[in-house]
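Note that the sequence shown covers residues 3 to 265 in this note's numbering.
To be clear, the hints were calculated from the coordinates, so they are not data collected in a lab. A few of these clues could be false.
[To be verified] Cβ-Cβ distance ranges computed for the label pairs, FRET-style:
id, residue 1, residue 2, range
1, Ala214, Lys67, 36 to 44 Å
2, Gly158, Lys24, 28 to 36 Å
3, Pro237, Ala214, 25 to 33 Å
4, Ala254, Asp213, 15 to 23 Å
5, Arg95, Arg221, 39 to 47 Å
6, Asp129, Ile154, 40 to 48 Å
7, Thr207, Thr68, 34 to 42 Å
8, Arg221, His21, 16 to 24 Å
9, Val216, Asn163, 23 to 31 Å
Glycine included, every Cβ here is placed at the ideal spot set by N, Cα and C.
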Amino acid sequence: MTVTSEPGHTIAGEHRGEHYGKVLARLSRNAAVRRYLEIGVAFGDIFAGIACRHGVAVDPEFQLKTNVAANKVRVSLFQTMSDVFFANLNLRRHIGGRVDLAFLDGMHLFEFLLRDFFNTEAICRQDSIIAMHDCLPVAEAMADRDPMQAGIRGRGTPYENWWTGDVWKIVPILKRYRPDLDVMLVDAAPTGLVIVTGLDPSSRTLKTHYDAIVEEFSRLPNTAAEIAQVYAEHPIVPAEEALRRLGGRSYAHGGGWLQRLTG
């Protein structure tokens with residue numbers, strides 16, 4: 003593996019698998035997802051592609067440019083910060099039950115994603131799926147915590163205006179504090195997917211140790227060498243293989259709603 007921090011050079015090669023939005027859309031259909039949660043919806047492109055009975059979208063400032071109700075029976079939009087959403091969430095009233103599939107793509111700073119993760123896991127089941135975006139950056143500049151600095155550092159490179167922030171740190175955090183989880187790094191263009199299964203909604207480890215984790219991982223250098231170490235310690239799974247591994251799940255319990263929507 004070639005490790006470099008020079009502008010325009012990749013850390014571990016570009017992700018060449020299917021676009022992450024298409025991977026998530028296929029996963030939602032394969033698993034016949036009933037309840038879907040997305041944190042960080044922005045224009046709504048990813049959300050619109052998801053097939054489910056009830057889609058729940060959370061974003062502090064929606065900029066929707068597509069039909070987010072596509073492929074769904076019901077849609078709920080919460081225009082608020084994710085912390086506020088979780089603090090005021092009534093699971094039965096607002097979602098109707100535990101989440102089958104969640105996609106976390108909110109603020110690109112690891113401490114925010116960490117909170118979104120443990121808050122989301124708490125409203126999932128053991129067989130639910132949590133997917134996270136931007137955790138597999140391909141160049142050091144895009145991982146800068148400051149989006150303006152990431153833009154400056156990326157000028158003149160193939161990754162100009164790319165910003166993943168330092169959410170890549172969620173991978174070593176889960177490895178250290180939640181080794182019970184199954185964490186899969188997926189080769190989905192352009193900045194990968196991290197898919198987590200084997201959940202434990204009753205776990206309070208991450209929440210209890212949140213301050214200590216943030217202090218510890220704030221000291222972890224946000225460099226190409228450290229990001230490359232994540233790649234070295236976790237094999238990258240092709241998108242097709244990831245879908246195959248997740249293929250045994252089905253959240254549909256009769257009703258035939260998915261067939262009516264997509265058939």
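Hints, one by one, checked against the model:
For the pair alanine 214 and lysine 67, the beta carbons lie near 41 Å from each other, so the given range of 36 to 44 Å is met. Against the hinted window of 28 to 36 Å, the Cβ-Cβ separation of glycine 158 and lysine 24 comes to about 30 Å, which satisfies the hint. Take proline 237 and alanine 214: their Cβ atoms lie about 29 Å apart, and the range 25 to 33 Å holds. Restraint check, alanine 254 to aspartate 213: a C-beta distance of roughly 40 Å breaks the suggested window 15 to 23 Å.
The beta-carbon spacing between arginine 95 and arginine 221, approximately 41 Å, falls within the hinted interval of 39 to 47 Å. Between aspartate 129 and isoleucine 154 the Cβ separation comes to about 44 Å, which falls inside the hinted range of 40 to 48 Å. A hinted range of 34 to 42 Å for the beta carbons of threonine 207 and threonine 68 is consistent with their spacing of about 38 Å. About 34 Å separates the C-beta atoms of arginine 221 and histidine 21, a value inconsistent with the hinted range of 16 to 24 Å.
Evaluation of the 23 to 31 Å hint for valine 216 and asparagine 163 yields a pass: the beta carbon distance comes to about 28 Å.
Hints 4 and 8 from the list above are not met by this structure, while the remaining hints are.
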